[in-house]
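So the protein sequences, as listed, match chains A and B. Quick note on numbering: the working numbering labels position 184 of the first sequence as 184, and the sequence is numbered without any gaps. Quick note on numbering: the working numbering labels position 14 of the second sequence as 14, and the sequence is numbered without any gaps.
Note that these hints are calculated values from the structure, not bench results. Keep in mind that a hint or two might mislead.
Some chain B residues close to chain A (C-beta under 7 Å, calculated; not the full set) [unchecked claim]: (1) Asp5; (2) Arg42; (3) Leu48; (4) Leu80.
Backbone N, C-alpha and C define an ideal beta-carbon position, used for all residues, glycine too.
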Amino acid sequence: MSDMTETVTDERIVYLEELVHQAKTAAAVFTQYTQEDVDRIVKIMVVAGLEQAQYLARLAIEETKLGVMEDKALKNMVATEFVYNYVKDKRTVGQIAEFPERNMVEMAEPIGVIFSLLPITNPTSTVLFKCIMAIKTRNAVIFSPHPAANHCCYEAVRIMYETAVKHGAPEGVFTCLESHNLQDNAYVMHHKDVGLIDATGGPGMVKAAYSSGKPALGVGPGNTPVYLEKSADLSMAVVDIITSKTFDNGTICASEQTVVIDDEIYDIVLRKFEELGSHICNEKETDLLGRTVIDPKTGFMQPMAVGQNATTIARMIGLKVKPHTKLLIAPIQGVGREHPLSVEKLFPVLAVYRAKSVEEALKVCIDVNHAGGLGHTAVVFSRNDDVIRKFGEVINAGRIIVNSPGSVGALGGIYNDMVPTFSFGCGTGGGNSTTDNVNVFHYLNIKRVARRTQAHMWFRVPNQIYFNLNAVENLRQLKSRSTIIITNPAMEQIGHLDVVRRNIPPETLVHVSVIPDAEPEVNVVMQGVEALKFYRVDQIIALGGGSVIDAAKIMKLKYESPEADLEELAAPFLDMRKRVVQYPTEKVNHARLIAISTTSGTGSEVTPFAVLTDKEQGRKVTLADYSLTPDVAIVDPQFVMSMPKGLTADTGIDCLTHAMEAGVSIYASPYTDSNAFQATRLVFKYLPIAYEQPNDEEARTMMHNAACIAAIAFSNASVGVNHALAHAFGARFHVAHGRANALMLPHVIAFNAGVPTKFMPSPNQRGYIAHEKYALAAELLGLGGSTVEEKVKNLIVATEQLLDQLAIPRSIAELGISKEDFERAMPDMVKIAFDDPSWRSNPRMPLLSELAELFWSAYKGRGPAKVEAASQQPHEEEVQV
Amino acid sequence: MTMIDVWVEIDGNRVAQALHEAGEKLASDGGDVFLDFSAVRRIDPSGLRALEDFAGAADGKAVRVTLRGVNVDVYKVLKLARLSSRFSMVN
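Using the sequences and the hints, build the whole thing.
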């Protein structure tokens with residue numbers, strides 16, 4: 001607690017503690033009330049406030065000697081009727097808002113005890129306003145009136161309290177500090193049971209509230225600039241300004257302080273002011289006024305002038321004005337200490353400035369805004385939307401009032417649709433936490449009840465997939481004026497290129513681009529793009545393995561969208577739908593991409609991925625976007641009949657890895673599962689045959705289909721940690737991708753089937769189900785087993801047997817890699833594997849140490865299947881496939 | 001020392017009065033008191049004050065007080081009033 005609180009006497013502490021205890025008890029009890037309870041009490045309080053509006057206004061005038069009785073009565077009515085009109089239908093108890101599309105509701109939690117500081121300028125209206133807000137939100141309030149407005153505030157609190165309690169509000173819901181001082185305020189501000197300080201008062205009190213360390217609502221000082229632009233309705237503007245600036249003798253802190261007037265209308269405007277009862281001060285009068293009503297030491301207004309009328313102020317400086325003069329208008333030449341009247345003046349003295357241009361006018365308004373009025377209120381009169389927009393941009397004010405009075409306009413609900421208030425948030429410019437018109441929602445803790453949402457999933461495939469023997473004949477239906485075939489030398493040598501050419505309609509102009517059989521390089525791709533442009537192609541046929549198809553995908557991208565920046569498009573992302581860098585949608589050329597795969601593994605003919613090698617930079621760039629997916633895929637086994645055994649084995653296991661990883665991916669869905677499990681079944685059945693009997697047409701056909709089907713699965717569900725390991729290991733030791741996958745696969749199945757050290761966030765899945773999905777795969781393969789653990793074990797054994805059948809080495813060591821070399825490579829491999837995006841859809845998040853363990857397991861080799869206790873988890877749900 | 005268990009059913013319509021009456025029955029030499037709040041739907045400030053007084057009196061006499069059947073809304077009130085920790089609670 002601050003020093004200030006230590007000076008409170010013991011007797012006083014007993015009094016203050018009892019006050020807080022009473023409020024705390026009321027607030028606790030209040031939490032049981034329903035919306036209907038509080039709405040009923042509020043309505044009755046509002047009526048009581050309206051009935052006593054004039055009485056309370058008179059009390060305020062008598063006690064404070066500030067303002068105008070009629071205006072104070074009006075303020076009391078606004079504080080009740082207008083505020084009620086705003087709050088009556090608002091929900092402030094229980095569920096207060098619902099967002100079905102976000103599966104979320106908002107609920108209200110009262111604050112508890114609020115300590116409320118009251119101003120001298122608007123004492124009773126502020127009490128009425130805050131009492132209504134407190135009951136509506138089920139809070140208790142301890143009021144601390146300004147010492148010079150003690151009695152009227154106490155009376156206003158009494159009326160509200162007695163009415164509320166009589167109609168069911170808890171006893172002790174409002175209390176009022178009596179005979180208090182700054183020490184009392186400080187004590188309560190620091191009290192542990194006070195939840196919020198709502199300080200409507202002078203800058204010192206607001207600062208004290210913010211300094212207490214408690215959450216606080218505080219009103220900052222104002223200094224309202226007004227820009228009266230030449231297109232404005234001048235008659236309306238002048239009346240509005242007079243109405244506002246004279247309302248309650250200018251005590252509302254949002255009232256106009258300096259009017260900046262365009263040169264062209266300056267004289268007319270001043271004449272109108274004069275005609276309507278204002279006195280235009282000459283230079284001498286302005287100087288005298290400045291020295292009298294503004295304290296030359298502090299630069300702030302003199303308290304004696306606050307809330308006084310124009311004739312009283314004129315008398316203070318010995319100025320003779322007409323009876324009933326409403327306003328003293330003082331022309332000033334600038335803003336700042338040397339122009340004393342450019343600051344806030346809570347009395348009917350208005351500074352005016354003649355501006356030669358819009359730019360000068362805006363700059364002067366900014367100066368006024370920064371001379372003590374940041375975040376508060378500003379006013380513009382104009383019919384020019386550009387001027388209004390610019391004013392709104394450059395002025396820092398929570399309320400920018402257009403073509404209406406500042407003070408009455410800022411209160412809200414009269415001249416505009418702002419929220420009615422008697423407390424203006426001024427944002428950080430005014431040292432506040434909000435720029436809002438303070439309202440019931442600032443008296444609540446709003447809780448968000450966020451129900452689990454199902455992420456939107458997708459399933460995307462090429463427009464057309466033609467499969468089975470001679471599927472290439474479907475090219476005859478695809479009309480094209482100019483077609484280019486991207487292929488590699490081998491396709492030309494073994495006659496596949498001719499087969500394709502024969503099936504292209506004769507009227508099509510056909511061009512061929514033969515590229516190296518390696519991962520595409522940037523220069524190869526860019527040369528290809530030049531060819532596409534030269535021939536103005538409308539169709540691209542990619543004939544080859546993954547490398548050729550990837551090259552064609554990127555050529556198409558650059559041909560259609562030359563501005564596409566491959567470097568930028570390769571930026572990493574976690575979720576394709578939320579990625580930062582978007583692929584271009586504007587296209588200058590259009591070409592259909594037909595992918596004819598000549599291997600049964602990568603499935604590039606249906607995937608949205610492409611890998612590009614940048615030799616100059618010495619790295620690979622992976623592109624991923626559904627716009628890269630070929631338009632047409634042709635899965636014709638005639639192009640894979642001649643695949644050598646080793647390639648058949650490696651690509652076949654690559655396909656199996658795609659299927660199994662997609663099957664347990666956190667993005668797996670019933671759509672991808674059907675493909676993943678079917679591909680798994682096809683591989684186990686047909687890969688050994690295709691390997692042993694390369695000419696078996698059925699086996700080749702089914703393996704070719706399996707590769708495509710598995711690719712459809714992982715295009716939509718992604719892969720997993722197996723690929724991350726294989727990428728890192730394969731790149732380091734130059735091992736073919738499929739073979740690297742094969743060396744990891746049994747170990748990864750055992751790893752994923754175990755209880756994760758760390759789970760991956762997976763909103764689409766209910767619980768951890770990887771082991772159950774593996775068990776399901778085992779069931780579909782007919783591997784037997786009565787428990788999940790047994791089934792997983794059988795799947796691992798079957799996978800190991802398949803690898804043995806394909807003569808895949810049993811360990812990394814069998815590849816001839818020494819333990820020392822492997823150990824040396826380990827830190828880099830682990831780092832690269834961890835950076836690899838593939839594992840981010842893996843069901844189990846791999847720790848760095850676990851990646852290393854998996855590498856070492858693969859190094860040591862597969863053996864009798866070992867499954868962690870993992871798969872013994874209770875089998876709670878059927879896994880839907 | 002005689003241990004006397006007292007079981008008081010609190011009438012939801014007169015919580016404060018019921019607690020005052022229960023307070024008068026507190027033994028002066030310890031024991032257990034059970035206050036059955038099953039019939040209390042809401043508690044008002046006077047009831048809350050009476051419960052606070054009851055807790056004070058029980059402390060002074062080394063009596064353990066257990067509240068039974070306190071509904072969630074009333075439990076929250078006790079929590080906010082920092083009273084819940086002064087009693088044992090059973091459902």
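Going through the hints against the structure:
Violation of the interface hint for Asp5 (chain B) is found here, the shortest Cβ-Cβ separation to chain A being roughly 29 Å, above the 7 Å cut-off. Using the Cβ-Cβ criterion of 7 Å, the hint placing Arg42 (chain B) at the interface with chain A is satisfied: the shortest such distance is roughly 5 Å. Contact between Leu48 (chain B) and chain A, as hinted, is supported at the beta carbon level, the nearest pair being about 5 Å apart and thus within 7 Å. A distance limit of 7 Å between C-beta atoms decides the matter here; for Leu80 (chain B) the minimum to chain A is near 4 Å, and the interface restraint holds.
When held up to the earlier numbered hints, the structure conflicts with hint 1 and nothing else.
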